[in-house]
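Taken in sequence, the protein lines are chains A and B.
Residue numbering for the first sequence follows our numbering, beginning at 557 and increasing consecutively.
Residue numbering for the second sequence follows our numbering, beginning at 15 and increasing consecutively.
This list has only true hints and no planted wrong ones.
Below are the SDA-like pairs computed for lysine to any residue, each with C-alpha atoms no more than 25 Å apart in a straight line:
#1 LYS760(A) / HIS39(B)
#2 LYS796(A) / GLU58(B)
#3 LYS780(A) / THR999(A)
#4 LYS24(B) / GLU859(A)
To spell it out: a stretch of chain A is covered by chain B in this simulated footprint if at least three of its residues, at any positions, have a beta carbon under 8 Å from a beta carbon of chain B; those stretches are:
#5 620-629
#6 759-770
#7 774-785
#8 830-841
Since the hints were derived computationally from the structure, they do not count as laboratory data.
Please read all numbers here as calculations on a predicted model, not as lab measurements.
Note that beta-carbon positions come from the ideal geometry of N, C-alpha and C, so glycine has one too.
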Amino acid sequence: MFGYAGKILFVDLTNGVIKKEETERYIADFLGGRGIATKIAYDMIPPGANALDPKNALIFMTGPMTGAAPSSSRIDVVSLSPVTNMLGGSSAGGDFGTFLKFSGYDGIVIYGKSEEKVFLKICENDIAFEGASKIWDKDVFESVDYMKEAGREMVEVATIGRGGANLVKMSGISFSKRSLASRGGLGAVMGSKNLKGIVVSGCKGIKVRNKDVLKKTNYEILRKLVESPSYEKYKTWHAKIAASLLKARRPYFGDYEEEYWEDAEEAAGNAREFFENKVKLKSNSCFSCPLRCWAWIEYEGEEAPMVACQGTFSAITFILKIKEPELAWKIYLKMQREGLDIMSTSAVIAYASRLGKVKLGSEEILDFIERIVNREGEGDIFAEGIKKAEEHFGVPAVYVKGGMESWSSDLRPFRGISLAAAVTESGSISRAVHGFPESSYYTKPEKAKKVAKKIAGREDIAEPTIYEEKHKLVAHFENEHIIADSLGICDTPLLSVPEELWLKAFAAITGLNYSSEDLHYYAEKIRTLERLFNVRRGLNAKNDTLSDRLFQSRFRSGPWKGVGIDREKFEELKKKYYELRGWDENGIPKKETLKKYGLEVER
Amino acid sequence: MPYLIVHEDKCVGCHTCEMVCSLSHEGVINLNLSRIHVVGYKGEKFPIMCLQCEDAPCELICPMEAIYKEGDIRYVDGEKCIRCKMCSLVCPIGGVIYDAINHKMLRCDLCGGDPQCAKYCPMDAIEVVEEVPERRKKGVRVLYGEED
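The following block holds chain A by itself, in its conformation from the complex (with noise of 0.2 Å):
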C-alpha cells in the first residue's frame, strides 16, 4: 500500500485500550480523509448519542496525498457537533497531519472519557497517556511548550485551549499555536473526554509507488502555483485581506446590522497600515506549501502565528467593529490563546451587544472573552453558542443549519453560500464554499464568471443575488471540497492547479489511476453519507434552513441597500439541490441514490 501510512489508531478512552485497524478496509470504498472519518463516524457514533457524551467519537483523518505532494498539509476532524448535535467537521493545516502519517497512522478516533485529565503522547509504537491536570487550566500556546517538552524535538501537537475544557461550544482544535480545526466545537467534544492534546512524533517515511513520476509532477504542481498571478499577493496579505474582503462586499458588521458600517474603509486601512508599519512579520507555511497563508506577527512584546483569513483578524475587524487594529490584535491573541473559533465568537459577542451585554469597538470585548471561557455569570449562556442565547433571552439572532453561528461573509447577498449554508450537513459553510464564484465576482469577475460557466453552463449566475443555477455550483463545490478534504489537499491549491496534475500525482503516490469522473463519484458517496448521518438522527428537509431573521433582514445602506433573502425562491433552490444529488422532496436521499453508490446497506 503506498501513500497511505497503512493503520489508523483507535484509542478506548474509557478502558485505557488502544487498537489499531488496518487503513485497507476503508481505501476502496471511502478513499480516505474525510471520507474515511465519515463512515468510520457512521459506523461508531449511536444515533441517540449526544455531543458530549463518552459514547461520542472523535474522528483526526489524513488523507493519502497528505505529506506528499505540495500543499497537502491538511487533517481532517469528524465528530458529532455539540453546537448543531448533527454531524460535525472541520479541517486544519500545518505539520500534525504529516507527522502523524510519519508516526505510522493515517488517524486516530478517539472515544470514551478519560477518567483522569490526560495528553496522549504518540510515537510509532510507543503509545502513552500522561497526566495533564497540570496543564487543564492553561491556554494553548502553554499547554503546547509544555507538550513539546514531554516528547522528542521534532513534535507535533493538537491541543485545546481553556475554552474548550470548559466545554464552551465556540471551541475549536488547535494544531500547534496556529491551525484550528475551529468549527463546530469540536474543542467541547475533545474536553468532555478529559483528553487534553495529542503529540505525535516519527522516523516512518511516506511509501510512494513511482517516485520519478511524482517528483516530475510535484514540480509542475509547484511551478503553476508560484507561476500563478495571484502568488505574489500571498506575500502582502495580512495587510491587505480587508480591505479586499471589502471590495468583494463579503464582511457583515456587528450582529447582522442593516446599516452599513461607514468606518469600514477606515478600519481596513489601518489594519493595513498596522500589518505594513507597525508589527514585525515573518511569512510562513503549511507542510509543502509555498503560499504563506500564515505568518508569525510580534508587535509589542507579544507574538503569535496568525493565518491571514476571512475568519480571523478581519472577522474579528469587522464583526466587532473595531478601528482599532492595536485592539483587534489583543482580542486575536486571547480567542487564539484560548482555542476559540474567532467567527463563532465573534458572532456570540455581537449578538450579545445588541442585549446591551458588551460594547463592539471597546476593550470590554476582552473581559466579555474571558467570561465566556470561565462561563462566568452570564458567560455561561454565551458560551453554549447563539441559538441557546437566543433561546434564553427570546431575542432574534443570526444563525445558520443547526443553529451554527455563521461564517464572517455575509449571507443575504449570496444566494448560493446562503444555500450551502442551509444544506451543508455540519453547517459549517467554509467546508462547502471556499473559492465559489460569488465570492470572487467584485474582484475577480472574469475568473469567477468562467468558473460558473464551466460548472453550470452560465457566466450571468456567478452574480450573487441570482438565484438560478446556484443549487449546481454549490453541489459542485461541496464535490471539490469532499475531494480535498479526503485526499488531504488544501482547498485553495486544488482548485487553483488543474486537475489532471493532482490526479497524476495521487497515481503516482498511491498506484492508484482514478478519473476526474472517479473522484467526483466518491465526494457524492461521501456527501450522501453525511446526509444519511443526519437522516438517521431524525433529520429532514425542515432542518435545511437559517434563522427567521436572515429571511426578514433587507439592507438598509450600503452596497447590497434593499438586498434580502426571498424565502420562497430559497426553498426552490433547495429543491432543485435535492433533485440534482438524487434525494426526495424531504431531503432524503432515495433509493435508487443509495444504491448508485453502494451505500444500500447502509441503512
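With chain A held as given, fit chain B onto it using these hints.
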C-alpha cells in the same frame, strides 16, 4: 562545481526541500532521511545542509579515511565506512546523519551537480552558485579563530 547558499530570510518553512531530497535519494518522503534539514524557532526557519568545508572536520576525523572528495563534493565510501558516526559527531552543523534503517551515513552530495532542493524550493531560498563565496570562506576562518 556547484555550491549551495541559503537565503534564510526567504525560507517559509514548508519542508519541500526535505521532501524532494529524501524522495530523490531514498525513494520515500521522510524528513529523517533527508540530507537537508529545516531548522528554526517560531517564525524564523531555514534549511541547513553539508557546507562542503575546506578543511572538513568529518574528513579529518574519519578513522577509515572513508570520506573522499570527487570534484568538490565529498562522498562516503560505503565499503570503507564502519559506521562509527564520528563524522556526524564532529560536524558543527549536523551535516552528516546516520540512516538507521539502511545502516549508512547520509550527507549532501549536491545531487551530483544538480541540487534538487534548490530546484524545488518555491521561495528560491536555496541558491546554486559556481564558486564558494568569499563571505563564507571568511566565516569559516572566523569560526576557526584564524580571523576576527
